[in-house]
Each structure stands twice: as structure tokens, then as C-alpha cells.
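As you go down the protein sequences, you meet chains R and S in turn.
Okay, so the first sequence: first residue is 11 according to the working numbering, each after it adds one.
Okay, so the second sequence: first residue is 172 according to the working numbering, each after it adds one.
Possibly wrong hints are sitting among the right ones.
Said to hold, decoys possible - Output of the computed footprint for chain R on chain S, the stretches with three or more beta carbons under 8 Å from beta carbons of chain R:
no.: 1; region: 197-209
no.: 2; region: 414-427
Claimed, not checked - Interface residues of chain S toward chain R, partial, derived using beta-carbon atoms under 8 Å:
no.: 3; residue: Ala-365
no.: 4; residue: Glu-383
no.: 5; residue: Ala-385
no.: 6; residue: Asn-387
no.: 7; residue: Tyr-438
no.: 8; residue: Ala-439
no.: 9; residue: Ala-440
no.: 10; residue: Glu-445
no.: 11; residue: Leu-450
Rather than coming from a laboratory, the hints here were simulated on the basis of the structure.
Note that CB positions come from ideal geometry on N, CA and C, so glycine has one too.
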Amino acid sequence: MNGIFTAPLVRERRIVVCVGAGGVGKTTTAAALGVAAAVAGRRSLLLTIDPANRLASSLGLPELGGVAAPVSLAPLNLRAGGALDAMRLDTRATFDGLIQRLAPSPDAAEAIRANRLYENVASRLAASESYMAVEKLYELATEDPPDLIVLDTPPTKHALDFLDAPQRILDVLNSRALAILQNPARALTRGGSRLPQFVLATILRALEQFTGLTLMRDIADFVRAFDGMIDSLRARAESVQRLLRAPSTVFLLVTAPNTVGVGRTEAFYRTLEEAAVPCAGLIVNRVLPRSLFDRGLLPPEPASMPQLPAGLADKLIRTFKDFQSAAADEYAAIEQLRERLALGERLAEVPAFPGDLASLEDVARFARILMDGDGEDFGPTGARGSSWM
Amino acid sequence: MTPRSAQGYENRVSGLPLFDRRLIIVTGKGGVGKSAIAMAMALAAATRGRRTLLVELTSTGTLSERLGLSRPLRGQPRRVRSNLAACRLDPREALEDFVRGLMPLKFLARALLGSRSFRTVVAAAPGIDEFLALYRLARWEEERRRGSRRPRYDLIVVDALATGHSLPLLGAPETFLRMVPVGPFADLARRLRALVTDRTRTVVAVLATPEEMAVNEAIDLHRYLDQELKLPLAAPIVNAVLPRRWSRDEEAMIGNGTGIPPEWEPYAAIARFELARQLATQSHISRLRASLGTPPLCLPYVFAKTLTLATAGPLVDALAAAATEAGDSVETR
Numbered sequence: 011m012n013g014i015f016t017a018p019l020v021r022e023r024r025i026v027v028c029v030g031a032g033g034v035g036k037t038t039t040a041a042a043l044g045v046a047a048a049v050a051g052r053r054s055l056l057l058t059i060d061p062a063n064r065l066a067s068s069l070g071l072p073e074l075g076g077v078a079a080p081v082s083l084a085p086l087n088l089r090a091g092g093a094l095d096a097m098r099l100d101t102r103a104t105f106d107g108l109i110q111r112l113a114p115s116p117d118a119a120e121a122i123r124a125n126r127l128y129e130n131v132a133s134r135l136a137a138s139e140s141y142m143a144v145e146k147l148y149e150l151a152t153e154d155p156p157d158l159i160v161l162d163t164p165p166t167k168h169a170l171d172f173l174d175a176p177q178r179i180l181d182v183l184n185s186r187a188l189a190i191l192q193n194p195a196r197a198l199t200r201g202g203s204r205l206p207q208f209v210l211a212t213i214l215r216a217l218e219q220f221t222g223l224t225l226m227r228d229i230a231d232f233v234r235a236f237d238g239m240i241d242s243l244r245a246r247a248e249s250v251q252r253l254l255r256a257p258s259t260v261f262l263l264v265t266a267p268n269t270v271g272v273g274r275t276e277a278f279y280r281t282l283e284e285a286a287v288p289c290a291g292l293i294v295n296r297v298l299p300r301s302l303f304d305r306g307l308l309p310p311e312p313a314s315m316p317q318l319p320a321g322l323a324d325k326l327i328r329t330f331k332d333f334q335s336a337a338a339d340e341y342a343a344i345e346q347l348r349e350r351l352a353l354g355e356r357l358a359e360v361p362a363f364p365g366d367l368a369s370l371e372d373v374a375r376f377a378r379i380l381m382d383g384d385g386e387d388f389g390p391t392g393a394r395g396s397s398w399m
Numbered sequence: 172m173t174p175r176s177a178q179g180y181e182n183r184v185s186g187l188p189l190f191d192r193r194l195i196i197v198t199g200k201g202g203v204g205k206s207a208i209a210m211a212m213a214l215a216a217a218t219r220g221r222r223t224l225l226v227e228l229t230s231t232g233t234l235s236e237r238l239g240l241s242r243p244l245r246g247q248p249r250r251v252r253s254n255l256a257a258c259r260l261d262p263r264e265a266l267e268d269f270v271r272g273l274m275p276l277k278f279l280a281r282a283l284l285g286s287r288s289f290r291t292v293v294a295a296a297p298g299i300d301e302f303l304a305l306y307r308l309a310r311w312e313e314e315r316r317r318g319s320r321r322p323r324y325d326l327i328v329v330d331a332l333a334t335g336h337s338l339p340l341l342g343a344p345e346t347f348l349r350m351v352p353v354g355p356f357a358d359l360a361r362r363l364r365a366l367v368t369d370r371t372r373t374v375v376a377v378l379a380t381p382e383e384m385a386v387n388e389a390i391d392l393h394r395y396l397d398q399e400l401k402l403p404l405a406a407p408i409v410n411a412v413l414p415r416r417w418s419r420d421e422e423a424m425i426g427n428g429t430g431i432p433p434e435w436e437p438y439a440a441i442a443r444f445e446l447a448r449q450l451a452t453q454s455h456i457s458r459l460r461a462s463l464g465t466p467p468l469c470l471p472y473v474f475a476k477t478l479t480l481a482t483a484g485p486l487v488d489a490l491a492a493a494a495t496e497a498g499d500s501v502e503t504r
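The shape of chain R in the complex, shown without the other chains (with noise of 0.2 Å):
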């Protein structure tokens, strides 16, 4: 019954933000949970980290850019007023465009973007990623937004990673840092060092000479480059952080049995419960089919069972003994997971699906097992089944 927790979310949230740890599904549930939305009749846009081809031709789009480009969801039975967007985050892009938005003035937006140093900041820091993703959401959000929007975020092992991202990158350009570069020896001796001043000039200025570390200088022009701005640049990620925790916004964490431990998925879930962000739940993904493996099967006696080629039952039976205790252990897991964080019915279920996602189809068959018990109807596609669940 999977409808019950995430029906209403798709149906009436503004914002839905998928958090998780790498490699457990997350781009694609966004995706199903936009085309959901589409279903139930809203206007939906689905933000992607890095979708893989497939999903991108799954979802009828040569490849997923910048910019939002409608999905077409033709084979499915949307209700009147349902339509899906689909884009990808460009990191450096967004990031080009908020210097752009918010530098004083096209001179200083010019010298951010000509510094050395810049490139590696937009483009190569993991926390830029998380960074931008919130900022393109907030764009979206605020300048004629859709009903719903879907954010799939960039991998990250804690949770705070991708809140925090803003601030740590706002504190690589603080005013502090910039302190340390234009008179290091005072910083330092505010710092908590109890050398003389000048002793410390002087080994800062022969560390500088030994090193040859023109770095420093250009790390000081960098951060000066930004001193403008850094007060606007701090409203705004205050701003977003104000969005992440609006009553529209919902975050939901992705997650998968055998890929992450119950441990780390119950501390990722924790920390966004004490960084006060609404986590609605639990989606699992990856599942072994419970049609499978939890209707009490047991194994079989070969000797009370019809014959078979010489060989297959015993492949059969170590076959189903393997995998069985597998999706025990997943069923365990899972059932910890809902007691230890208390979900109940928060916590939805999506079974492995044996292949890929290679279709619109199998995009819409995830979304209806996940709002499955809803009697949402997805058309066609949803009404034929499938023959291995």
C-alpha cells in the first residue's frame, strides 16, 4: 500500500526533494514520481543530477539538458492539466548565472569567471554540485513554477553534505579567509597563536618566497573578487534554506536494501530529523519481489516432487535457497528500518526490477508501484501487468 504515503505528496507538495546515498536509485524514483504527478493531473518538473541515457530516451528525450524540455507522456491516461518537464542540472551554468545575477556589476562578474581559481570552484568541488542544485531549484521555484517539482540531488553519504553545501562553500568565501590572506600574520595571531606578530610575518613571507605559492595570491584575488557579493550570495542560500523547510517541500529518502547498511540509512534519516527538514519517509528501492520470495515458500523435497531433467532440480532448489535468504535479510532490514525510525506507513517498497528501465513503461510501471493501492489509472500501460510480479 504504498499509495497511502506517497499520494498525497505528489498530489499536493510544491517541492519533493530526493535525498540518498549513491548507486540506490534515486534519479529514477524522481522520474517516476514526476510522471505520477503528471498522472494525477499537475503541471510537474523533474530536476536530474545525472540521469543515464536510457532514462533520458525512456523518457523520449535524446538527452537530457539545461534546460526544461517536455516529456511526452502520449501512452499514458493523464488527467486534464497533467504534463511532465524534464531537465538536467548544469552545474556551471547555474553557477555562471548567479554570479551573473548577483555581482555588482558586469566588471566584477567578468573577473569571478577570468579567475583560475573560479573554474575549480564551480566545476570541481562536490559541494558546488549539491550547491547549485538547491540554487537552480530556487530559480524554479520562485520565477513561474510548475505545481510540483521534482529534485533528484547528487550523491552524498550524509545528509548534511547537501544541506550544508551552501554554507561551505559561502565559508571558502568569507570574509575570514580573506582576512588570512590580506595580513595573515594579524589572522594568525587572532587565531589563537601566541607568537609576535612579526615573528609570523616573517615566516609566513619565507614560506611564501620558499614556495614560490602564488596560490595565496591568487586565492586573496579570488576572494576578493567575491567580497561584493558575498552578502547577497549569503541572503539568497538563507532564502533556499527557508524553501527546503516550507510546509510545500518535502524531502523523501531513497534508499536500497543490500547497498546501504541499516545503520547508515537510520543515521541519514536522524541527521535530516535534526536538521529540522520534513522527511516525509522511506522509499526502497530495489526490493527483492516479495511475489517471489515471501509466500512461505519452502524448499523442496526433490523425492516428493515430480521428476526433472537430470541436474535442473538441484540447480533449482540452490537457485531458490540463495536468493531466498537474500530477501530475507532485505526483509529484515527493512522491517528495522520502520520500527527503529517508527514510519509505519511511510515507507514505500519498489521491487527489483530484473533488467533496466529501458522504457516510458517501465518508467510508468515504477510509478504505479509506487503509488500503487491509489487506483490512480496510468492508461494502458499500467493495465497490462507484467509477467514476472
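Based on these hints, arrange chain S on the given structure of chain R.
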């Protein structure tokens, strides 16, 4: 992205040279089993009598649990079993080590390290953390046994970070040299680059699971490491490949259910599920092979809750066998 033929690769090493290199770096997408495979590689080498150090790079790593240790790993290597030690690379210790090496006067080093501003600057400078991590690895590589010229560790296996974070690590010397082209720091960066690009000492293993995203990432990463960073690359590794247990006849029977009595049908349905997975697995392996022009090394799926010292046996065996087969020779062209 244009497909390249195998001949386009200049830095590929054949197979998995597990027994005669000094540094093995395991990387790949998140969730593909890097730490389990790194552990199995370390075990395979240790079992062969190589003194091995297994290094974890993240504070959220799982190695201590896998190794059955009661306390989390720390910066100082700790003995796990015969020929095997493990540790967790601590960026702060790496920084301290670095500053101490830089400033012979202890009180100066302390003053610098004690300053919050200094730490802010270090955090601000892009790539510094990665640079320091690599520096620490290089120091372990250089360590010698007491009273001997033989290395303290014959092999260092690094459970590196997921792709997004390990590129900065492996590219740290390049990044650094772009910013600081001359001076002693640049010399150090060149030394680190010499270590990671030295095909007689180092090899990078790119790991994937037989899934769309993991394979895409492995292909991109493999190309990037080869073409941009010129790192010596082992054959790509595909982890968690389901065993092929069915004959063609059996596959046909299971596939369409003919000749399967109803009593057996629930069990055949499970086999069908496995077959469908296997089909997807094979298509991903073919895609990886076609894109990189080399057969990947496939490791078996292990039906166990978590891979620990106790359950890693099949992986250790597979890795040891692959390493032996490779003949440990550097491909020459």
C-alpha cells in the same frame, strides 16, 4: 564522447597486477562494492605473503565492520591479521604530517596548525585535501622496514572514494601544478604525479556493477583516467556478476515454462527472475567490453548479507586467480 578502439589506450596494464605493484587504487560509482573489493584484494595479496596495507579514505567507511574490528580504524595502521594492516586516512593527520615535514621547527608547526584561520585557508584552497591524502599515501609507499631497505608495505590497497570525489584525488597533482607551477610544492606535486603514473608501481582499478549507471560511469572514468591523467589502468572490474548455472536447454525450459510441472513452477519463477537479471548483466558487460575494447574481469555475486573477512572467500579466490593469470606483465606496444 567518441568510441575509441583498444589501440587508443596507452596506459592500460593487462589484467589485474595484484602481486607486483606497490599501490592499487580502487574506484568507481557509489554502491558498486569498492570497499568489499579493496578488502578482498588486500586479502588475496596478504595470503600470497605480501605485506599489505589497506587504506580507507572516508570517515563513513565500512572497513572496520567488514574486518570485524571492535573499534573504528584510525590514522595509524593497525594489524588485522598476518601480513595485513588497515587504517583510515585522516585528512587532519595528513595535514599535520605535511606541515611538520615542511617546518622543521616544531613550535612553528604547532602555531600554524593551531590557527583556525590557517585551517580555513586550507579548506578554501581547492584540491588541498586530496593533495594531502595522496601525500600521505606516498609516505607510506616510501616507508622502509627497520634496519632494511625493503619497503614496510609491499602493497597499499586504497579503497578510494566514489568517482566524483576520487577524480580530484587522482588528479590532485595536475590540479596543483596548474595553480603552482614552480617551487618546492610543485616539485612535490611532480613526485606525487610520478608515483601515480608509474606503471611499475601503481595501478588504478575501475569498478562497476552490471548496471546502466555504474557501467556508464566506469566507461567515462576509464577514458578520463587514461587520456587526461595518463594513469596505469587495470582491466575494468565488474562486481556482483550472477553465476551462469543454466545450460541452454534449461534456460529454454525455465524461460517459457514448458516441461516444468506445476509443483516446480514457483521455483522456476525464481530461476526466471535470475535469468532475466543475467540477461541484463550480460548486455552491460558486453557494452563495457565494446566501449573500452577490453574484456572486463568479472567477479561473482556473493549471496551474503555483508561482505566480511569470513564471506569474502569467493572474491578473494577470483581476484587471486585473475591476478595470477595476468602474468603481472606490463603490456608493451
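Taking the hints in turn, this is what the structure says about them:
{"no.": "1", "hint": "197-209", "result": "holds (count 4)"}
{"no.": "2", "hint": "414-427", "result": "holds (count 5)"}
{"no.": "3", "hint": "Ala-365", "result": "violated, 19 Å"}
{"no.": "4", "hint": "Glu-383", "result": "holds, 5 Å"}
{"no.": "5", "hint": "Ala-385", "result": "holds, 7 Å"}
{"no.": "6", "hint": "Asn-387", "result": "holds, 6 Å"}
{"no.": "7", "hint": "Tyr-438", "result": "holds, 4 Å"}
{"no.": "8", "hint": "Ala-439", "result": "holds, 7 Å"}
{"no.": "9", "hint": "Ala-440", "result": "holds, 6 Å"}
{"no.": "10", "hint": "Glu-445", "result": "holds, 6 Å"}
{"no.": "11", "hint": "Leu-450", "result": "holds, 7 Å"}
Of the hints listed earlier, the one the structure fails to meet is number 3.
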